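Mind docking chain E on chain X? Use the hints.
Each chain, written out:
Number of protein chains: 2
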Amino acid sequence: MSRTHNPVSDLEPFFNPKSIAIIGASQNYVKPGGRPVNALQSKGYRGKVYPVNPSHESINGLKCYPSVLDVPGEVDLAVVSVVAGKVYQALEECVAKGVKAAVIFSSGFAEVGDDGLAEQRRITELARKSGLRILGPNCLGLVNTTNGVMASFAFIVDLPETAEEKVLGFVTQSGAFGAIIYASSLHRGVGFNYFVSVGNEADLEFADFVEYMVYDDKTKLIGGYLEGAKDGDKLRRVAEEALEAEKPVLILKVGRTVAGSRAAASHTGSLAGSDRVYDAFFKQTGIIRIDDYTELIAFTPLFQTGKMPRGKNTAIIATSGGAGVTMADLCESLGLNVIPLRAETREKMDRVLPFFASSRNPVDLTAAVMTRPGIVVDSLRAVCEDPEVDIVICNINLPFTAPGHPIIQEFIDIYRSTDKFVLLSPFVFPGAGMDPAILEILKAGVPTNPNTVIAIKAISILAEYSETLKKRKRPEYRVRPSKSPKPDLSGLLQPGETLSESRSKTVLEKYGIPVTREALAASADEAVEKAGQIGYPVVLKVDSPDIAHKTDAGALKLNLRDEGEVRSAFGEIVANARAYKPDARINGVLVQEMLPEGTEVIVGVSRDPVFGPVIMFGLGGIFVEVLKDVSFRVAPVSPGDARDMVEEIKGSALLRGVRGRPPADVESIVDVILKVSNLVSDYRDSIEELDINPLMVYPDGVKAADALIVVGREKPV
Amino acid sequence: MSRTHNPVSDLEPFFNPKSIAIIGASQNYVKPGGRPVNALQSKGYRGKVYPVNPSHESINGLKCYPSVLDVPGEVDLAVVSVVAGKVYQALEECVAKGVKAAVIFSSGFAEVGDDGLAEQRRITELARKSGLRILGPNCLGLVNTTNGVMASFAFIVDLPETAEEKVLGFVTQSGAFGAIIYASSLHRGVGFNYFVSVGNEADLEFADFVEYMVYDDKTKLIGGYLEGAKDGDKLRRVAEEALEAEKPVLILKVGRTVAGSRAAASHTGSLAGSDRVYDAFFKQTGIIRIDDYTELIAFTPLFQTGKMPRGKNTAIIATSGGAGVTMADLCESLGLNVIPLRAETREKMDRVLPFFASSRNPVDLTAAVMTRPGIVVDSLRAVCEDPEVDIVICNINLPFTAPGHPIIQEFIDIYRSTDKFVLLSPFVFPGAGMDPAILEILKAGVPTNPNTVIAIKAISILAEYSETLKKRKRPEYRVRPSKSPKPDLSGLLQPGETLSESRSKTVLEKYGIPVTREALAASADEAVEKAGQIGYPVVLKVDSPDIAHKTDAGALKLNLRDEGEVRSAFGEIVANARAYKPDARINGVLVQEMLPEGTEVIVGVSRDPVFGPVIMFGLGGIFVEVLKDVSFRVAPVSPGDARDMVEEIKGSALLRGVRGRPPADVESIVDVILKVSNLVSDYRDSIEELDINPLMVYPDGVKAADALIVVGREKPV
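Residue numbers (the numbering used here), protein chains in the order written: chain X, 6 to 722; chain E, 6 to 722.
Looking at chain X on its own, in the form it has when it is part of the complex (with noise of 0.2 Å):
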């Protein structure tokens, strides 16, 4: 049965279940098959529990089952807590019984080995034939905190849900790990409405569970903890939607580095993809990277504001102008531009702070707000007031000021009459706790956090998103259908072959990308007629698939002046190249125009196990080699993240002119990398790589001196 996909309703009966199965029910409550029956009951879930075990009449007063097939009424979802050998059977159960989603606790698949990860093909198989959709196998399952699904055998099941608005979905790889953030975030105040632990995927994987969240209303932002996706195309889908939604997806996504790679490769069975390009899909996809889960917590309530950043320059206030300075480092550091204030704004504090204190920014108000703590509006007022100003980060204390005094409404009404963004991060006492009238403060619904490093984090976050969903939103970060009819490359891309040169030049040219001019000549006569034609000077090359570095083999030479220097080139190219490789296919000599001096550029493609074709863009030579300066997108690219791979690079100031060279035609390269994605687009199943190398810059236009084309054996699975 071939199912259509619709992220909502397929997940519904997930988190919103009209009656839960249990198979494997317990009558210990912290058993994995004894927690959910317990937690159902205790967190007041409103559908039919129905525990399923042949071994007991009745579990915590509820009716037990021998199987799910005796379960009288219709059985939305079930969970599934019997050993590994028996899950098969409950499943073909509960497909039998028309049950519509299931959650399996069980271990002992994919992580332990190839007996396991047979068993699991078999329940993806059984899901995808029957429609029945799964979570798991191995993972805590998903609590709904709303409604009290609590179909998880978690602790956190256990957790009295204390956090007053819950608007936070949370996805994880990790069963454990999730619960240690479901607990701190809880802690802290920041309740999750979703919680799901994928495990396995062995059918739902992480993004289905986002998507869902993103086309729920009652999720307003959305947090992950991910060591490898599944299927990147769906992942870049949904994170496109989210963006649609303007719902900010928060992952820490493990494997930043080599240890941590390896590491989250026996963690679960998912394939990562090198975390540059990772890094380089969040860029392009507009997910947030996080490095640990206190950012998470401390984003969320001042995403729940509903206020934006309108920008990044950003003013403090402060009473110690140490602590000032430091906060001042970190926002600069994060991205936050630390502003000059304008002189009026000086002005308006300078009347009323002492001559110790200073009004610049970070503006340092010292201990006097001890004893007049009405300097703190009065700064406050100044700076929301300067027009330069997008965000205000306030912190101060008030330890002599009591609770109802005039000058906390003032602090309230300045925070609810502004458009700046204002954060409180009051300095609390060491060990003590917040004072009186800055709880006062928080309790007006002013986004509060002591922790000042990680308030400017979030905050910061919360900027750069804020930009991410301007910018995005632009015409040119959507991915353009080419106008064109997709070339037909048929009977150039055989499988298993590098590509000629010539080929390769062949293949560019039928997507439109300037290459040398050039022909193939089979004699030294033929070089000599085609040189003519192209006008020298030349370059000659061997053209093979089977040889790619022509320099090493003395197969390349350059600038060739007259027909004299073309015929003596022919003939050593031809044995150069023979002593090289005796066995090498030669198509013949390639004759070239010779180009120019200009700037050497390198497009390339390499195909990621998850993301598919990542295409490449750096400078040529030492900047690419040495230096590594090269951006990375996943294509298909959009015309402003292919200007943004040329802009990133740290060598980009060079492609702008310096040292008296003339700027290089930056749209030529946009034109080119939009062209290769195109391309690869196109043919992702057939191009394994292709390079451009170099890619020779003028300052009006471009032209591939040399390229290179790899098509896979076989179509990639």
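Keep in mind that the hints were calculated from the coordinates and are not lab data. Here the structure is a predicted model, which is why all the values come from computation and not from measurement. Hints should not be assumed to be uniformly reliable.
Note that identical chains are pooled: a pair holds if it fits in a single copy or bridges any two copies.
Said to hold, decoys possible - The calculated lysine to any residue pairs, modelled on SDA-like cross-linking and capped at a C-alpha distance of 25 Å, are:
1. Lys448 <-> Ile412
2. Lys586 <-> Arg666
3. Lys36 <-> Met375
4. Lys36 <-> Arg51
5. Lys317 <-> Asp280
6. Lys680 <-> Arg483
7. Lys23 <-> Arg356
8. Lys353 <-> Glu116
9. Lys633 <-> Val663
10. Lys353 <-> Ile417
11. Lys91 <-> Ala372
12. Lys68 <-> Ala123
13. Lys48 <-> Ala437
14. Lys23 <-> Asn43
15. Lys171 <-> Ala437
16. Lys475 <-> Gly625
Only chain E this time, still in chain X's reference frame:
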């Protein structure tokens, strides 16, 4: 009176005074003049306390004197807390009384503008000529928690001193922020033995107090908050003494960014060197730069164990795979290597771990620790026995392990018997405290920090410090005085002059730096004659102190092959130079050997206001101009630092030979850097800037192709 510097004895009266006078003593104990009187008594200071204030008969039961001159006995230390206008007179009385040291709380000096600065200069003068040593003005003063010397009005003097062993001295350029750091540290169980707020540094400065602590037996490590050093040389000497004494110096240096620098400049009157120079200086002197004071707090107990990691190879043991991977990412980003464990190490663990756990590094014990806590010690023992592991970080918990359980003692025994650095970063359930079993381990002296992020930062700092200690003790990291006598440059370095290329090279030659063969020619005939002597091809350039950019002026001709080319080039150069800058002084035309192609590097010097001559190294051309891929060190540099300068730039691989190029002669580059270091150290008061650009590097030597020296107008103050 000229005085010989003695860091310990000079400062002894601040830290161990036999008697203290408080000038401007107050009966109100929260006032600056009242707090120390009160705190000296409450903290059990055993020396004599003399309140001085003409308005009172007695304060806190102590007899009060109208003037310090009326005090009957000797006064070691005076605390001055009177308005700015009365400070000078009070100090004069101190001098008359024979007081040895004074702390000035009063503000209203350099920080408020020119008048204050003038008054502060008088104080500096008084200190210089009298021998009275001064801390401040505009400071919070000084605290010695080991003997109750509370010469401070900061709130910290009222804090109960709960920490046990106090070996951490702290010096701060920000009083208020320093006090926050003090309180935060104490709250986390890390007490300071000394706290010094240096204020405006009219006499004694930041480095002086660090030096005292280096020589003081009670201090084992030193922390600091620094906005800008006053005397770079002194700080360098002190840092070297600290390395010698194996006392780590951890400094929170603010002003990393433009915004931070601006604010730091406003916060004190200090002239901060640029942040890149500070980074180089810290690298060179072994000072540890921290980003947040919590790193200092976490580092202290690790250092106090007396153990040092032998290397950076790290094993992680965690109870959650996700937490382990996240920790591994952080370790690697901080320079710790999360290495693959040996097969036998993994086998030992595999024998005890459940099948769903992982013995790969990071080791994932899973929630099985709940029921089988023994796997914690089994794993710990296994990784401690792995000869390649230097550091073990345990992110574990033992919730169901009762105090007194044998595995607690086992853990402690392994810790005590291994030479590996074992760090316990227990998992703590959000909102709960540490497990009783963990507390027992902690009490036995195992370094324990539940904040995993900060714990990993702290251990990475200790591992780096351990490497620095080893490295800096190697003889090549000692600055070697030049063996030859200081060359006489009289007549060459005219104040305020930019030296012409030929004169600059004459200076370099005197220091043994290889330069191009060349000679000045005043006429075309002479140019031809010199060219004949040098050998064709040659280069002709104008030689003028007023034309720095010869190419722009059309006053540089390369690759002249014969007499005819030399003659015509000579005429052109003279004409072009005159047209370019009619009033330029022209020494003649420089006839120079035409150098073969090589790798272009740059060796330069600029003068930093704090550190004096700073040497820069980089690859020539776009590497310096576009990528800013350069390294710095403060002169004089050691051979080891010179080599580090060459190796730490990103493009360094180019010098090792890439793309078929032979390796460059790095030793000769190092030699040039050392000779430049000698030159600018010998003439540090004259040479303001120096550029050898390019220095051509070959497989077997180097040659300065162009050079420029700028001589300062006057001796810098």
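Identical-chain pair category, Lys48 with Ala437, by Cα at 25 Å: Classified as between: cross-chain Cα gap 22 Å, same-chain 34 Å, threshold 25 Å.
Status of Ala437 relative to Lys171 across identical chains (alpha carbons, at most 25 Å): between (28 Å within a copy, 23 Å between copies)
Intra/inter-copy verdict for Lys317 and Asp280 if alpha-carbon distance must be at most 25 Å: between (27 Å within a copy, 23 Å between copies)
Up to 25 Å CA-CA - Gly625 versus Lys475, copy category: neither (33 Å within a copy, 40 Å between copies)
Within, between, both or neither: Lys36, Arg51 at alpha-carbon 25 Å: within (23 Å within a copy, 64 Å between copies)
Status of Ala123 relative to Lys68 across identical chains (alpha carbons, at most 25 Å): neither (35 Å within a copy, 91 Å between copies)
Intra- versus inter-copy proximity for Met375 and Lys36 (alpha-carbon distance at most 25 Å): between (55 Å within a copy, 13 Å between copies)
Within, between, both or neither: Lys23, Arg356 at alpha-carbon 25 Å: Neither: 65 Å inside a chain and 46 Å across chains, both beyond 25 Å.
Status of Arg483 relative to Lys680 across identical chains (alpha carbons, at most 25 Å): So Lys680 and Arg483 pass the 25 Å test inside one copy only (15 Å; across, 57 Å).
Intra- versus inter-subunit Cα pairing at 25 Å for Lys633 with Val663: both (21 Å within a copy, 13 Å between copies)
Alpha-carbon proximity context of Lys586 and Arg666, limit 25 Å: between (41 Å within a copy, 24 Å between copies)
Same-copy or cross-copy closeness of Lys353 to Glu116 [CA-CA at most 25 Å]: The answer is between: 21 Å across copies meets 25 Å, while 64 Å in one copy does not.
The structure shown violates the earlier hints numbered 7, 12, 16.
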